[in-house]
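S.K.: Here is what each chain is made of, one letter per residue.
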Amino acid sequence: MQQIEFDTKWTMVVDIDKCSGCGSCMVSCQAENNIAPMEDGSNKLKTLTWMLVYELNNGKEFPERESAYLPRPCMQCGNPACVPVCPVVATTKDEEGGIVSQIYPRCIGCRYCMAACPYHARYFGWFDPIWPEGMEKALSPNTSTRPRGVVEKCNFCHSRLMDARARARAEGMDPNKLPDGWYKPACLEACPTGAISFGDSKNPEHKVHDLIKDKNAFRLLESIGMDPQVYYISRRDWVREQSDNHLPKDKH
Amino acid sequence: MGIDRRTFIQLVTGGVVGSLFTPVIWKSLDDAAIWSQNWSWIPRLKYGQITEHATISKFGPSPCSLMVKSVAGSPYVAKGNAENEMSKGGVDAISAGGAQLLYSPSRVKGPMKKVADGKYESISWDDAEKMLSEKLSAVKGQAGKLAIVSGDATGTSSEVLSAFAAGMGSKDCYLMPGDEQAAAVALENMGGSGQIGYDLDNSDFVLLVGADAMNSWGSVVRNQRVYADKRPTGGDIESVYVYAGPFLNSTAAISDKWVPVAPGTGSIFSLGLAYHMLNAGASASVADFADFKTLVMSRFTPDKVEKAIGVAPGVMAGLAKQLMSASAPLVISGSEFGQGAGAVDIIAASALNMLLGRVGEQGGMKLLADLPLAVDAAASRAELSSRDFAGYLAAVATDKVKAPEVMMAYEANPVYAMPQATTMAAAIAKVPFLVSFSTWMDETASIADLIMPNPHSFERFDDAQTPYGVGTTMLSACAPVIEPLYNGKSTVDVILSVASGLGIDLGYESVEAVLQAKAEKAGADWDSLVEGVAYVSDSTESDSLKFAASVLSKAVTMPKGGEIALAPYAKLNVGSSTMAIPPLNCVTVSKFELQGKDLFVQINGKTAKKLNASEGSTVKLSGAGGECVARVHINEGVMNDVIAAPLGFGHTAWDEFSRGKGDNIAKILTVGTEPGTGMAVWTSSFVSVA
Amino acid sequence: MDRNLFPEGVTRCGLPKFSLWMAFVAIFFLWGAYAAVVIFANGIGVTGLDNYFGFGLWITFDLAVIALGAGAFFTGFLKYILKIDQLKNIVNLAVIIGFLCYSGAMLILTMDIGQPIRAWFGYWHPNVHSMLTEVIFCITCYCVVLLIEFIPLILEQKQLNKIPFVHHFAHHLHVNMALFAGIGTFLSTFHQGSLGGMYGVMFGRPYAFRDGFFIWPWTFFLFVLSAVGTGPIFTVLVCTLIEKMTGKKLVEYKVKALMGKIAGSMLCLYMFLKIIDTWAWATGYLPSVGLTFDEMFYGNIYGKWLMWVELGLCGLVPAIMMITPSIRKNPALLYTAGILACVGVSINRYVFTVQTIAIPVMPFDTWEFYAPNWAEWTTCGMIVAYGVLVLSLCYRYLPVFPSEIKLNSKQS
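Residue numbers (our numbering), protein chains in the order written: chain A, 1120 to 1371; chain B, 2 to 691; chain C, 5 to 416.
Please note that the accuracy of each hint is not assured.
As the list claims (entries may be wrong) - Straight line, CA to CA, 27 Å or less: simulated BS3-like cross-link-like pairs of lysine-lysine: (1) B:621 x A:1163; (2) A:1303 x B:231; (3) A:1256 x B:47; (4) C:333 x C:92; (5) A:1163 x B:592; (6) B:610 x B:598; (7) A:1179 x B:592.
What the hints assert, rightly or not - Ranges of calculated distance between the beta carbons of each label pair, as one might list FRET restraints: (8) B:592 x C:133: 30 to 40 Å; (9) B:13 x A:1346: 46 to 56 Å; (10) C:34 x B:45: 32 to 42 Å; (11) B:592 x C:41: 26 to 36 Å; (12) A:1174 x B:23: 51 to 61 Å; (13) C:133 x B:23: 28 to 38 Å; (14) A:1346 x B:307: 49 to 59 Å; (15) A:1174 x B:307: 28 to 38 Å; (16) A:1366 x C:277: 25 to 35 Å; (17) A:1365 x C:334: 51 to 61 Å; (18) C:287 x B:31: 48 to 58 Å; (19) A:1346 x B:31: 35 to 45 Å.
Claimed, not checked - Only some residues are given here: those of chain A computed to face chain B with a beta carbon under 10 Å: (20) 1140; (21) 1145; (22) 1147; (23) 1166; (24) 1179; (25) 1186; (26) 1259; (27) 1313; (28) 1329; (29) 1335; (30) 1336.
These aren't lab readings, by the way, just hints derived from the structure by calculation.
We treat Cβ as the ideally placed atom computed from N, Cα and C, and that holds for glycine.
Just chain A, with the same shape it has in the complex:
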């Protein structure tokens, strides 16, 4: 499939050096996107975490050890592995801005997209979502609830993009040229250490336009060519090195 080039490119930039792994983004994401609480949250292989914080370390022994936290939303790849494999067009990358959609009522739950995604950004509803009695009253109006048996994932809080565009139209502005900061995903709003930046990387007035050109900016698994729209920044060599696979001779 041919890669579509959009005029706007919603881009997330995560400053790994600032992430303290506090978990606020993960909690906020669940609240915004109506992910039901999971009693056994420790079984990471069955939980639904559209936003997941990985713990990284430099692999050295005490006292040389360093560690870092890496929040992982959906990468909204320019060349997604998941989209072409879906047999029923339940996931697409065809909207201005480049967010990879997931159409829950269309998904048949075959999980081929999950197998295809090396970032593990896609999750499957292994069970029906169950909220403790009454907690369904705290559901967010922004994301539809999903039955079990469909695949779901981060969509950069897409309904907030809709809201920002509606606001632009109401104020007589171009909905495809949103000012910086009008469209913010829930994780960004929740992040107390300001590790997450977000905007249109094709718009020079947006901060991320310059951030992705930072000398310490990188993306995960660039070598396999998925062209993610999520960038990371770290001053630490060992963190940058873990962003991709390197042959022993190419390592530092």
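We have chain A already, so just place chains B and C on it with the hints.
M.R.: For chains B and C alone, kept in the frame of chain A given last:
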């Protein structure tokens, strides 16, 4: 009957085409597509007007100002309130799910009295207040018969409680343990007044000694915001952070440097740095400077310090040099888990700030003025903060002090959260009449004789003044975002009503009136407070302090060594001393801390070898007052001979999201007494491992 | 008792003995059916599948049985298109096995997909770029073709065939069988290939990703070849198993040996290409994305031994055995080679399904382990039991083996 090829083909084709012309197939396929996305057991969304209201959440140890988004009046998501100086737009991992906590399965839905062990009966608020009044009238005017503990160190509600205790003739009104206690005692010993504050906002070099600023020390969310502002993404670092502690926690992970230091030895570390500064000519024109210098130069020489806490002289000298060459350095000391540190840790760190000339300076250590009291009979903040609840309970446990007849717990869960938890819980069990004002069915509520639930943070009036750690005096307040969902009643209202029945005049009719009066006395505008803007005052106290060298001399003892030290840590996503793992937070718990029901503690490979433990193996940890069972995770981010262990697990009450998960590390904390100040301390706990 | 229902001129065991056998197999069927009910009621969460292993035993099982069921289309192709007449004695069995494998795989898929009542979306909202769409099309169509091929055999049942309409209907199906065999060959080749293509196109998964010809990655062709290299010999193995269990001779050994020769030839071609493919992948593709061959394996469960067993013991060895006439003439050796080849292709489908997604591609990610649980094992068991039940009925009541009468009268 014969059929030929033509008939055969006609039959097959006709059958297929014919069935396609009936609506049966199409209708059922269409229905199937609709059914599969509209199952009746999957909840629907509610739509309506989206509104935002400011509030303050008090789930964590430090208040957090929030903007709560509601749909048709129902809160659904909380974000930070950028207009508020107290938390500067940040949100912690508990508060982020505050809307969902409104419907926590653990909420107490109305007043209840105990009818048998573990069995409760709903009663009316009138009956509950009558019951409480009867018990209280029997002990009124008698010292030692009523004890009150509040887990809210910032709210004016604690003033009401302490004034009420005074009116009852009781001196036993306490705060739950926190770093502010050690700070208050330290300040008293250094001859200062007000409250110690740290102007992180304007510092360019921050040394955190023990203090886990991103998880448990001070105003965590505010610390995180300040850190973020000083280190803009893609920009230059404006403030260097160095963390000194036993464990590569997340504060250490995002600091520029981690200096491994044995747990609970912050004072030795600070004094070891003082040695190098004094050597380099640092001084301060303070009365006991000479005593201080003599003490440091004789007892905290580089080799002695290295032997005691494992930090090489070169590292110490380098760090001292960095501090002295920074333009606005700041040294902050505190417990690695937000409680149990001794006054000497603060005194020693303050000594460094004094040597660096940073007391009262911009970007330095400040002595903040207290806001005026709203309730005249209340204890001052400094007084209330310095009281020693752990020491009191320990004395009750050993019968050195007689157990009170009535104990009231407000925003506090002492049965679970006190150090040496088993001993302390036994002390509380001696109290004949225990009252819990908890919003949640926590460990204390579930053994209380009477439960009078306070509404959830989003359902009540509340305020917060100058949280410990911030650099300026401030006040925030909030009004309810949502009508109470259940039959809760503001504890302040309960106390005011009970007090007037007992003939104690606290001067107010309602919680709202108390908070408004507080705002007015502070000079703040109530309306703008409720809209979410914090009142900030730059009034400070005199910055002349002494080194308290005599206290240091008595209180700082060198560890014996050779033992396995416990390095507890507290992470907000797991909860706090008043909050068990919230439902949405289960997935945020690290797989290196909890797997299924198994708690994990962390040791490095060398220690593992010494203890004959390996990844995943089970160990039993024993402290003075109890034991815990945990499994081992090998983490090279832990010092030699140290076990890093997460607090916040092993709940026995609450709900399925926290109950029975892991073990409570507070059980193996060992409470000791700090020589020189006499306060209870527990940052230096040793454990035996089996 | 049910003698009148038997095919003309054959003997079968008594009904009580047969019933006992069927009851024994039915236990496994019902056990799996219970698991299926639990899965439909509570969700796929009751299985051992998880976020890392969205594909597991079920998909492995499906791919393996579809490969082994390839005997149907390939034998049909040789018999009806290339007119190798000897194969008429085994083609009925090949068709039945093919039908059982495909229908069984589809039954498993109804459990495996999260929204079975949306299964038809594959037709309604097809994504023409997806290999899986092609698989859905071809497998469902081919299953219908197999059914059509199977129906005349059912209609030839002695009593049914007495009805004139049925007789004529069956006759006409027979007359058109070459057409169906042709369609079947086309469909089956494509979906065998597409199943391989499914993995080959996953460019986010370095273990499976392959370059290829036009839109088809090399795995497309390798899967076709490995299926035709094992399907025929699997048919032979099943036939032999039925012979051992019933104590009768059903198919002449020279037909079996011919099937072995066909399978062996295809397997040789497959192994030749597979080894080149593996070499190119390990030395060309992997280094190009910063990975080494060693990094594709981990511990015992994901160890290299599995690959050596697949390519060596269960690949090259049976291929050589089956094309060597002297070995092929020895029944025991032919069957051994057949078993090895079937194990080899199953391992191949397993590693492409599970190892592919077990490998941590992000360097900070971890190897996770997958173990199918009771719900997956018993449902797969249910499908095997279903196959055994249907095959038992077919053997007892349908004229599956044209040469059975001749072979057994000669013996007596």
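S.K.: Run every hint past the structure and note whether it holds.
M.R.: Here is what the structure says about each hint:
no.: 1; hint: B:621 x A:1163; result: 26 Å, holds
no.: 2; hint: A:1303 x B:231; result: 22 Å, holds
no.: 3; hint: A:1256 x B:47; result: 8 Å, holds
no.: 4; hint: C:333 x C:92; result: 20 Å, holds
no.: 5; hint: A:1163 x B:592; result: 8 Å, holds
no.: 6; hint: B:610 x B:598; result: 25 Å, holds
no.: 7; hint: A:1179 x B:592; result: 20 Å, holds
no.: 8; hint: B:592 x C:133: 30 to 40 Å; result: 37 Å, holds
no.: 9; hint: B:13 x A:1346: 46 to 56 Å; result: 50 Å, holds
no.: 10; hint: C:34 x B:45: 32 to 42 Å; result: 38 Å, holds
no.: 11; hint: B:592 x C:41: 26 to 36 Å; result: 33 Å, holds
no.: 12; hint: A:1174 x B:23: 51 to 61 Å; result: 59 Å, holds
no.: 13; hint: C:133 x B:23: 28 to 38 Å; result: 34 Å, holds
no.: 14; hint: A:1346 x B:307: 49 to 59 Å; result: 52 Å, holds
no.: 15; hint: A:1174 x B:307: 28 to 38 Å; result: 31 Å, holds
no.: 16; hint: A:1366 x C:277: 25 to 35 Å; result: 27 Å, holds
no.: 17; hint: A:1365 x C:334: 51 to 61 Å; result: 52 Å, holds
no.: 18; hint: C:287 x B:31: 48 to 58 Å; result: 53 Å, holds
no.: 19; hint: A:1346 x B:31: 35 to 45 Å; result: 38 Å, holds
no.: 20; hint: 1140; result: 5 Å, holds
no.: 21; hint: 1145; result: 5 Å, holds
no.: 22; hint: 1147; result: 4 Å, holds
no.: 23; hint: 1166; result: 5 Å, holds
no.: 24; hint: 1179; result: 7 Å, holds
no.: 25; hint: 1186; result: 5 Å, holds
no.: 26; hint: 1259; result: 5 Å, holds
no.: 27; hint: 1313; result: 3 Å, holds
no.: 28; hint: 1329; result: 7 Å, holds
no.: 29; hint: 1335; result: 8 Å, holds
no.: 30; hint: 1336; result: 8 Å, holds
Every hint, counting from the list given before, is met by this structure.
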